[in-house]
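Student: Now for the letters of each chain:
Number of protein chains: 4
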Amino acid sequence: MKTDIQIARECELLPIGEIATQLGIAPEEIEPYGRYMAKVPVSLIDEQKVKKSRLILVTAISPTKAGIGKTTVSIGLTLGLNKIGKKAAVALREPSLGPCFGIKGGAAGGGYAQVLPMEKINLHFTGDFHAVTSAHNTISALLDNYIYQHRKDGFSLREIYWKRVLDVNDRSLRNVVTGLRGDGVVNETGFDITPASELMAILCLATSEEDLQRRIENIVLGVTSDGKLFKVKDLGVAGAITVLLRDALNPNLVQTTEHTPAFIHGGPFANIAHGCSSVVATKMAMSYSDYVVTDAGFGADLGAEKFFDIKCRKAGLLPRLVVIVATTQGLKMHGGVDLDHIKEPNAK
Amino acid sequence: MKTDIQIARECELLPIGEIATQLGIAPEEIEPYGRYMAKVPVSLIDEQKVKKSRLILVTAISPTKAGIGKTTVSIGLTLGLNKIGKKAAVALREPSLGPCFGIKGGAAGGGYAQVLPMEKINLHFTGDFHAVTSAHNTISALLDNYIYQHRKDGFSLREIYWKRVLDVNDRSLRNVVTGLRGDGVVNETGFDITPASELMAILCLATSEEDLQRRIENIVLGVTSDGKLFKVKDLGVAGAITVLLRDALNPNLVQTTEHTPAFIHGGPFANIAHGCSSVVATKMAMSYSDYVVTDAGFGADLGAEKFFDIKCRKAGLLPRLVVIVATTQGLKMHGGVDLDHIKEPNAK
Amino acid sequence: MKTDIQIARECELLPIGEIATQLGIAPEEIEPYGRYMAKVPVSLIDEQKVKKSRLILVTAISPTKAGIGKTTVSIGLTLGLNKIGKKAAVALREPSLGPCFGIKGGAAGGGYAQVLPMEKINLHFTGDFHAVTSAHNTISALLDNYIYQHRKDGFSLREIYWKRVLDVNDRSLRNVVTGLRGDGVVNETGFDITPASELMAILCLATSEEDLQRRIENIVLGVTSDGKLFKVKDLGVAGAITVLLRDALNPNLVQTTEHTPAFIHGGPFANIAHGCSSVVATKMAMSYSDYVVTDAGFGADLGAEKFFDIKCRKAGLLPRLVVIVATTQGLKMHGGVDLDHIKEPNAK
Amino acid sequence: MKTDIQIARECELLPIGEIATQLGIAPEEIEPYGRYMAKVPVSLIDEQKVKKSRLILVTAISPTKAGIGKTTVSIGLTLGLNKIGKKAAVALREPSLGPCFGIKGGAAGGGYAQVLPMEKINLHFTGDFHAVTSAHNTISALLDNYIYQHRKDGFSLREIYWKRVLDVNDRSLRNVVTGLRGDGVVNETGFDITPASELMAILCLATSEEDLQRRIENIVLGVTSDGKLFKVKDLGVAGAITVLLRDALNPNLVQTTEHTPAFIHGGPFANIAHGCSSVVATKMAMSYSDYVVTDAGFGADLGAEKFFDIKCRKAGLLPRLVVIVATTQGLKMHGGVDLDHIKEPNAK
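Protein sequences appear in the order of chains P, G, H and R. When the letters of the first sequence are read in order and numbered with our numbering, they come out as residues 1 to 348. When the letters of the second sequence are read in order and numbered with our numbering, they come out as residues 1 to 348. When the letters of the third sequence are read in order and numbered with our numbering, they come out as residues 1 to 348. When the letters of the fourth sequence are read in order and numbered with our numbering, they come out as residues 1 to 348.
Please note: incorrect hints may appear among the correct ones.
Stated by the list, open to error - Just so you have them, the derived chain G footprint on chain H, three or more residues with Cβ under 8 Å:
| id | segment |
| --- | --- |
| 1 | 150 to 163 |
| 2 | 186 to 199 |
| 3 | 219 to 227 |
| 4 | 315 to 323 |
Said to hold, decoys possible - With the Cβ distance kept under 10 Å, some of the chain P side facing chain G (calculated, not the full set):
| id | residue |
| --- | --- |
| 5 | Ala-38 |
| 6 | Leu-123 |
| 7 | His-130 |
| 8 | Leu-166 |
| 9 | Asp-170 |
| 10 | Leu-173 |
| 11 | Gly-179 |
| 12 | Gln-213 |
| 13 | Arg-215 |
| 14 | Asn-218 |
| 15 | Ile-219 |
| 16 | Ala-248 |
| 17 | Asn-346 |
None of these hints come from the bench; they were simulated from the model. Glycine included, every Cβ here is placed at the ideal spot set by N, Cα and C.
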């Protein structure tokens, strides 16, 4: 049996302009990133078409070490819909570089239900995570600079909520002291992984560049010594930060192993944020497909709840169908079977 | 008089494929990043053509606060060569996002001698700096993890040379303590800006992916407790790090205000590294142009020296011409005129 | 009604030699500290007499904010025993300077049942706490030096249990990072208050200088990288540390408001250590009195348990009588009465 | 030849009361610390007698690794003066515990010119250094607490000059970060050795408890965010700190190997402070002796200068004689002879 990576490498990809054409988008309207990836401007979203498209959510029982395969089912379902003559696209989250490099195996599906080019998607892709990292840490630097410059006016924050982020799994950065040797502000803080950035969550909920800027302005960075919330708008830099995220806001278009369109965009953690791919990617897919399959992080109790309560309510979306993935191996694990024996038949 | 940004915005750009065509490179051989930027695979370098092309170095008197304009002169010189019928390209360093966001004005020339699209070049561009940041910090994380895992074997580094990097001007990160609260290794370290990464210097000297990996393997990370050098090859991760830099190694192609080709690639700091654009960008430009204009950081005493002693010797290059830029304002400043009076005539 | 401090200041003290004489100890055998305090050499303990003396423990119900008064009852009980013609002495813990300076009111009894000179006892007294502080931090410094010097041999501790101590209530010192800027070993550690030092607990259990040294040798400082316990004996400094504690080991003799003898010696915290005054003070008091009253920290469930299970078993002591103090105000608080109304009659 | 320690141990000491009697001070006026040490209340200073007494300063050529022996000469000179029938006392600095435990050999003279009891003087002595340590760190704790409590009022110090002290040679404490994990104020600071405490310098210049308190009030702790000096008087704790130093202010009386009186009191570092024993010890010795020999730290260029410019001017003292110690070994070293050959004759 071929491995995922063999299947991925044997697949001859179509130029991304042809995938756009399938959707009904002219190749000159997209922004290519290499030959097989492109960004589609948010201006191409058509709210009228969104209303007519049918959204399908793929969720799952509580995930286990044996894996569940929401992404693979989502891609496979889209492939099947296309096979029977429906115009269908999939909208998925983009993977974090950090955990990839560590243990997890990427997030691009598996077998004959993958999104491609797998390696590029799993590494830098179109730079969205890098843009979030840059924007996040620029706010951190400007905040520290603001505190430093305004100390003489009696300004200080008694609590600072805004940390820093890196898209690298680095335990040593979780808890750090910054500002030593007289440079900057001495502070006990830490680094989160980029998918945990509030900017990532915001990017995935924003519906336009203006909406993105408004949300950035309202980010609470800390609490001043006299008890007021201190926001990005108080720093006066929301415009500049939005510019840093301008390209990142546009959904990414790639293709499946069967050359059908796939949108991979945004990746907030489901444990601390809402854990769904971006609203603009979902709406873009819905603007140019009759059926759109999307997934949500973790199990139904967490991820589907957040999908309905946060993403759908904010974006005015309503799925027509919910698929709950339950694998035999996952059920075995929940039933107490050891991971070593998970592949053995166990029909009792 | 129009500002740089007005000129830049009024300029109607050609699709990047047409710029490639000018050079004699088929559009399908390049990897577009949006409509006006592309990466050109290093495999397209033709050493025979490199030997025949004429390299011109632009350097300067010691730079002052009044600015000198090496980049602008380099671009202008290329425009002039093209005007008189010569096939000429410019090869320049790419700017750091960090200092840009702070004080400095970007590094894309000025007036009618700019490289475009200016804003994208000054922000994320094609992600090279982000790739270096990721690769650098991944080594940091793997190094700390190695130390942590091998402590029980009596392994420790008595000196660690490898810090972390971010492409953000953040004073508070210059000196930090990491690994607090039991996560990772407690260490006093710091963040440099990405152009100061040794990976950036290496990327700009490497001539192929194999050469890049060899150089990465030899990076000295620290000194073990028994006095031996500890290198990336001892971590066993040079291959993975090279993969993270694979795309970043390909030179970036953009255009000037007069639609002539420009390569913008690599940006090591001249104070701590050699301060020149990449060897592969210079060679790529020389493979497809009869004249290639390039510049080197700081003044002739520092930047031109490093250009000749490091870049040229390693790459087997020899400029046919050296242009030394000296502006009246720069000479006035060196002569003791105050910045406030620098624009007044002073002919004595 | 007179305040405690008024009563203390009006009391005309006897020279400490006269108090020694009352006990049957020649004045030239004690070591005076000022006119009213003295150290009595441990060599004067007479185990035969200890066996004949009667030990009385004063413990209490769970303490409340309203206070309970174990120390005051202990002193009062001794005064009463002397009044009715018994030869009785009290043996109490010495107070920490740190919390004194903060909130708590010292630990020298109250009203007409105080030990004197109150102010000196509550401040530096005979220097016992300072000696423990010095000895403790000397071990810390020698440990760090050992780690630093033996790093090249591959020595490291994967866990360090030994922190530092100060007899000052300093929140900022609870969690610190030491060894910055290349001086010493970078480590995340902290300061405890001196009564929490393991040396304080040891000092209160030791029966002689030799026993003290043996106990110091066995202190576990940390765990080596290969999983072995690293002790003070591995540092080879137990002898020097014992010398630093030589004087501190001798019990302190003072007097009550009625000029009867009182031993005030040792003060380990009851929450983390055994919370009783020293074994040598109890035995010294028992060597020269027919009745000795002593107390234990916190309530009977914690302090009396530790007194019986640790101090009595290690020292071969057995109280003839246990007094459990229960105040009306304490009972009211346990019953739910608010502190503001605690002084009102509440007989229901 | 007997070692210093053999000579010290063979010497049968007189009770400290007899030494006081020699000086003309009644034994009941002093405060004994053990049998051979005592504190003499500052109230016993007699300014009239001070004026009539003759002060002799012992200083030296620049000290070398071979040692010079100012202390030994000072003691020896006093012994000689007593031998020829003059009433003479010596006034010296008390040693720090920290460096003693490290390398240096204590500071109690040598051979038959020692002050005794040597071991006690070199360890805790009468607790003066411990009192300075306590008082200094109490200010540190109260300062941090003040900053913490007043943050909500916009109070902050943009520079903090006041660090912490310990009388232990601990490299790892030189540079620390305090206030981690939310306890207290995060700050990059450090520990000095106790002799470097400003309180130690003040204690050695103060002439009475009132003068001591006045000097403590004026200690500058830092600079507020709006550029004002922040002093101990702004903390409102100078009274409490003075109480902690009350006993430490009284000079310590001991005896020489020939049972003549010696005052050992105060020990500020000569490199950062004025490096002389206390003003009150000098004046106390002068109140009860016709000749008083005292020394000053380091060589004549540093220590004698500070003695004249700071101690003498502040205290209204004027030496009648200055002795400059120059040893053959010291001169040899200054002349370039290696330490290994320093004991060989070298008469050229």
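Student: Could you check if Leu-166/P really has its C-beta closer than 10 Å to a C-beta on chain G?
Tutor: Since chain G brings a Cβ to about 6 Å from Leu-166/P, closer than 10 Å, the hint holds.
Student: If you take the shortest Cβ to Cβ gap from Ala-38/P to chain G, is it below 10 Å?
Tutor: Holds, because the Cβ-Cβ distance from Ala-38/P to chain G comes to roughly 9 Å (cut-off 10 Å).
Student: Three or more residues of the segment 150 to 163 of chain H near chain G by CB distance under 8 Å?
Tutor: Holds: 7 residues of the segment 150 to 163 of chain H have a Cβ under 8 Å from chain G.
Student: The hint names Asn-218/P as touching chain G; please verify it with the least Cβ-Cβ distance against 10 Å.
Tutor: 22 Å, violated
Student: When the nearest CB of chain G is found for Asp-170/P, is that gap smaller than 10 Å?
Tutor: Holds, about 4 Å.
Student: Go through the hint on Arg-215/P and say holds or violated, using the shortest Cβ distance to chain G against 10 Å.
Tutor: 20 Å, violated
Student: Using the nearest Cβ pair, does Leu-173/P come within less than 10 Å of chain G?
Tutor: Since the shortest Cβ distance to chain G is 6 Å, the answer is holds.
Student: Double-check Ala-248/P for me: the hint is only fine if its C-beta lies closer than 10 Å to a C-beta in chain G.
Tutor: 9 Å, holds
Student: Can the hint on Ile-219/P be confirmed by a CB-to-CB distance to chain G that is less than 10 Å?
Tutor: 17 Å, violated
Student: Does the closest beta carbon of chain G sit nearer than 10 Å to the beta carbon of Leu-123/P?
Tutor: Status holds, d = 6 Å.
Student: Checking hints one by one. Is Gln-213/P an interface residue toward chain G, by the C-beta closer than 10 Å rule?
Tutor: Hint violated; Gln-213/P Cβ to chain G Cβ min 16 Å, cut 10 Å.
Student: When I compare C-beta atoms, does the segment 186 to 199 of chain H have three or more residues closer than 8 Å to chain G?
Tutor: Holds, because 3 residues of the segment 186 to 199 of chain H bring their Cβ atoms closer than 8 Å to Cβ atoms of chain G.
The earlier numbered hints that this structure contradicts are 4, 12, 13, 14, 15, 17.
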